[in-house]
Amino acid sequence: MSELKVTLIDVGWGDSILVESTPSHGDKRYALIDSNDEENERTSFTFLKRFFDREPGNVVSRPRLFDFVILSHSHSDHGKGLKRIMSRYGTRRFWYPKSTSLGSQADLVRYANRSSKVEHHEAINRGKNLPDLGDAELSVLWPPYNVIDHHNENNNSIVLTIAVGNVSFMLTGDAEGPVWDRIADRIPPDTAFFKVPHHGSSDATFHQGDTPWIDHCPAGAHLAISCHVKPHNHPHGSVIQEFADQGYPYYRTDRHYHVTCVTDGTDVRVLYYH
Amino acid sequence: MDEVTVPVLVDSVKTGEDFPFTRCVYYTMEVQEPGEGDVWTAGFDSLGVPYVLLGSAAVLRAPRADHDLFDSPQLIEETFERIEQSEQFLVESNDLWVPTSRLSAAGAPDSPARGQVFRLGWELFMRAYQHRHGTIAQDRFVELCQALESQLRPSRVEAEAFADWSQRQIDTAREQYPKAPGLALAWQEDDLADSSEEGES
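Those sequence lines, one after another, are chains X and U. First residue of the first sequence: 0, per numbering that gives the first Met the number 0; consecutive thereafter. First residue of the second sequence: 0, per numbering that gives the first Met the number 0; consecutive thereafter.
Hints are computed from structural coordinates only; laboratory data are not their basis. These numbers were taken from a predicted model, which means no experiment stands behind them. The beta carbon of each residue, even a glycine, is placed where N, CA and C say it ideally should be. Hints should not be assumed to be uniformly reliable.
Stated by the list, open to error - In silico contact screen, one side only, chain X against chain U (beta carbon under 8 Å); selected entries: (1) S75; (2) L101; (3) D106; (4) L129.
I would like the entire structure built from these sequences, with the hints used as guidance.
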């Protein structure tokens, strides 16, 4: 039986998402989206180390443990620590969005250029055909191949769907309202888990008086927030109120700590640790 | 090098009333695990104590002891490459926040903007680090930033060097693409046609 498991790691603030896919036949596969480690507080790295140490089958002996690692966009609260994680565990693919201002995250591209721990790397966008992760099918909803936002890196975020059977998960980076205006109607109707974009900021949920992604997110979908309470006060109270008003179940890493959603392609469970 | 300063790159600018601070990134040199034969010596007064690095992080403030600024893309590349030639060393990035108004006052009319580089004097850097890690309150940090405003100055030559260096990483990636031909992604024809109708946002 297939299983897809997505965990929003509680990294204090910022994003770090572990994806596990157990196919009906073959080995379990792993992927990672973002990390937000600091020099003296390596939250993602520590979580992953403990996790992999407990996984059966000595998976850490694989030369490149991750099928893919993604930098959702070029902001430091999504990229810090990815180099160390790739250096320790290795990845077959490293994906990131195009940007005209990679900033400090250019060092990740430098590392990918030179290191054998990263077998291949490239910028991804809608239109590129992503390989399956176990039995899970991947699809990029954003960005299109010729669109780069020169002013707001959040809007270069990779927005991804991962689907098993009749269940889709949405992973959204920090994409804000203008992005959702353009892609909200592409949200799969079987979406059961939706990572709230940009840590629950009002700019990512409200746009010109509307709530574009909420308007297309199926009723009852589980919403999960990688919070950024300090210092940005994300999630915003108005966003939480909107979720409550619309009756969505929601989970937040500042209160529930690590948030995990599991599906076998039919049923969906959410687990949390506090 | 008499004055100790640290280069920070503007990562994300916030101007809202809730938190009008700009996130800036600095580079660190981090040790993951002990390397073969890597014995160092720490000086405590006149006493030298030998040790082996198990794990450590150090802020990068200059490319070389005899060169104060990261003022060319070649120098940045050489520095990072030299550090990472030792397998247990990695260059990493970390961040802190500086009041946006202070960066505006210190910089050009368009300051702060992503990619700009500022030099922070050591005391200001330490205060920003303490604020980032919650050991001094925000109000106190804002006061200190005002008192230490002379320790904040733009570094245009380093901004240009880091921008060029960043572009070189992309150029190198393009030149060597596909790094592993079997893993390069194929295109979906219909989505490509759909995407081509969209302009830049």
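At a threshold of 8 Å, is the proposed contact between X/L129 and chain U supported by beta-carbon distances?
OK, holds: X/L129 within 8 Å of chain U, min 7 Å.
Hint validity - X/D106 Cβ closer than 8 Å to any chain U Cβ:
6 Å, holds
Double-check X/S75 for me: the hint is only fine if its C-beta lies closer than 8 Å to a C-beta in chain U.
Nearest chain U Cβ about 5 Å off; hint holds.
Hint check, X/L101 versus chain U [nearest Cβ-Cβ separation less than 8 Å]:
With a minimum Cβ separation of about 5 Å from chain U (threshold 8 Å), the hint on X/L101 holds.
In summary, this structure violates none of the numbered hints.
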